[in-house]
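2 protein chains.
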Amino acid sequence: MPANNPAIDLDQVRRQCARCDLRDLCLPAGLDSADVDRIDQIVADRTSLASGDTLYHAGSPFRALYVIKSGSLKTQAVSEGGELQILGFHLPGEIMGFDALAGERHQCSAEALEASSVCRLPYAELERISASVPGLQRQFMRLVSREMGDDHDHMAMMGRNQAIARLALFLHSMSKRQARLGRSADQLTLTMSRADLANYLGLVLETVSRLFGRLQDMGVIEVRRREVKILDRESLKSVGEC
Amino acid sequence: MPANNPAIDLDQVRRQCARCDLRDLCLPAGLDSADVDRIDQIVADRTSLASGDTLYHAGSPFRALYVIKSGSLKTQAVSEGGELQILGFHLPGEIMGFDALAGERHQCSAEALEASSVCRLPYAELERISASVPGLQRQFMRLVSREMGDDHDHMAMMGRNQAIARLALFLHSMSKRQARLGRSADQLTLTMSRADLANYLGLVLETVSRLFGRLQDMGVIEVRRREVKILDRESLKSVGEC
DNA sequence: GGCGGGATTTGACCCGCGTCAAAGCGGGTG
DNA sequence: CACCCGCTTTGACGCGGGTCAAATCCCGCC
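Top line first, the protein sequences correspond to chains A and B. Using this note's numbering, the first residue of the first sequence is number 1, and each one after it goes up by one. Using this note's numbering, the first residue of the second sequence is number 1, and each one after it goes up by one.
Keep in mind that the hints were calculated from the coordinates and are not lab data. Treat the hints with caution; some may be incorrect.
Same chains, same names: a pair is fine if it fits in one copy or spans any two.
[Said to hold, decoys possible] Using 20 angstroms as the maximum straight-line C-alpha spacing, the simulated SDA-like pairs for lysine to any residue come out as follows:
1) 176 to 164
2) 237 to 80
3) 69 to 179
4) 176 to 79
Put together the whole structure using the sequences plus the hints.
And the structure:
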């Protein structure tokens, strides 16, 4: 192991965004090198999470936003009646914590679905530099807006009352998001349990399990536990249309 | 009628936010008088809409955000399969158009449910002044975040698989939003049709109609067409919990 | 390699909500 | 005032998916 050299470590920390594979999806997208350095400087730390670890709890004070660097997380909220609702699954390049901007507290909890790492962005500093980095403001709004678009897709899916259409739409959308990350669009590894997925889709887990089987019998996908291979994208899309 | 006096007209236009009943819910909230005047100056116009008029179409170029001054609107999107999904109902004080920030085009359409008026905020100018009015940026994010919170409530509602729970949750949330506007929390006038409401809730309109009847038989509400009176808020909440 | 426990699959049953159909109701128009 | 048309209500029926129950699979651990 090399000797611990503070100068090199500091340089690495300061230049991580510029070398990050996700820089085109994340906040630095579209910014010039000097501005990216300024973002680097406010990234407080890059935290590792084990599967099941909680990034933030609903009700806890809001301090920072987080960008997912690797892995995946779910967000969930408990309604007044104590019912748990999974709001979304989040992949690398996505920002989390937006919904807390309205108050001083997080409105939902975020939990890692597998070993993951995130970049922590203290919001006070983000606000401070965003006034002087015009492109940052714009890129930030793009990410917020993309998040809202994802939520709208989710609502449209919940609106379909055919259960199999919901699952098909979910698989199709996951496939697109994987592709955006440069991964295979046809070979998915789901990181959430059947129970999580069912909750997200507004179904019960037995139904989800049966529907995976049915899509497989139809020759649309191949399933083995959490590994899903998309065999016939056209059929998948048409199933999603009811 | 008084003579048309340009000086007075100009003054009125420039000071409308300061005198608006909604100023505490809208962008000016928390800003001092000088900053509110700056917002006033970029409000391009205050448009009147008749019931059924479209404020913007999905796919049309994004130029401005809109704050609802009076009336109510619905937002809706057509999925790839051609299915229409109503994403939300919007009341005075709420900002519309956020979801277009990611691209240059609106992702959904907005249509007036009754005679309504909106303030138009050209986004280019909003961006320009937000760098120099720090509180504006914060208030803007609060409104975006509130919008996301509403969407999350919607998802939680769609997750409940008991149809009657969805309707109860909808009525409860409408009641809270009315109260926020200083209106009666117990006497609601729904401005959307049963078909719109059913679509929003992920149900069919016959079911919604029957459920209104059932809630009335239970003594929880009183319904007459689009007039709803909440008689027993506690029962309404417990029905919403399944 | 054997064991234990959570995750997933599979089966049987039945109720709630979607579907189709028809009748009221109300508001706008000539 | 009478007509018309869209919105809403009400009824009958069937099936998709929820519920309960049990078997099976798989992975980590000893």
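Now for the hints, and whether the structure bears them out:
1. Within a single copy, residue 176 and residue 164 get their C-alpha atoms as close as 19 angstroms, which meets the 20 angstroms cut-off; across copies the closest is 35 angstroms, which misses it.
2. Taking CA atoms no more than 20 angstroms apart as the test, residue 237 paired with residue 80 passes between copies only; the shortest distance there is 9 angstroms, against 36 angstroms inside one copy.
3. For a Cα distance limit of 20 angstroms, the shortest separation of residue 69 from residue 179 inside one copy, 16 angstroms, qualifies, whereas the shortest one across copies, 42 angstroms, does not.
4. For the homomeric pair residue 176 and residue 79, the shortest alpha-carbon distance between copies (15 angstroms) is at most 20 angstroms, but the shortest distance inside one copy (30 angstroms) is not.
Comparing the model with each earlier hint shows no violations; every hint is respected.
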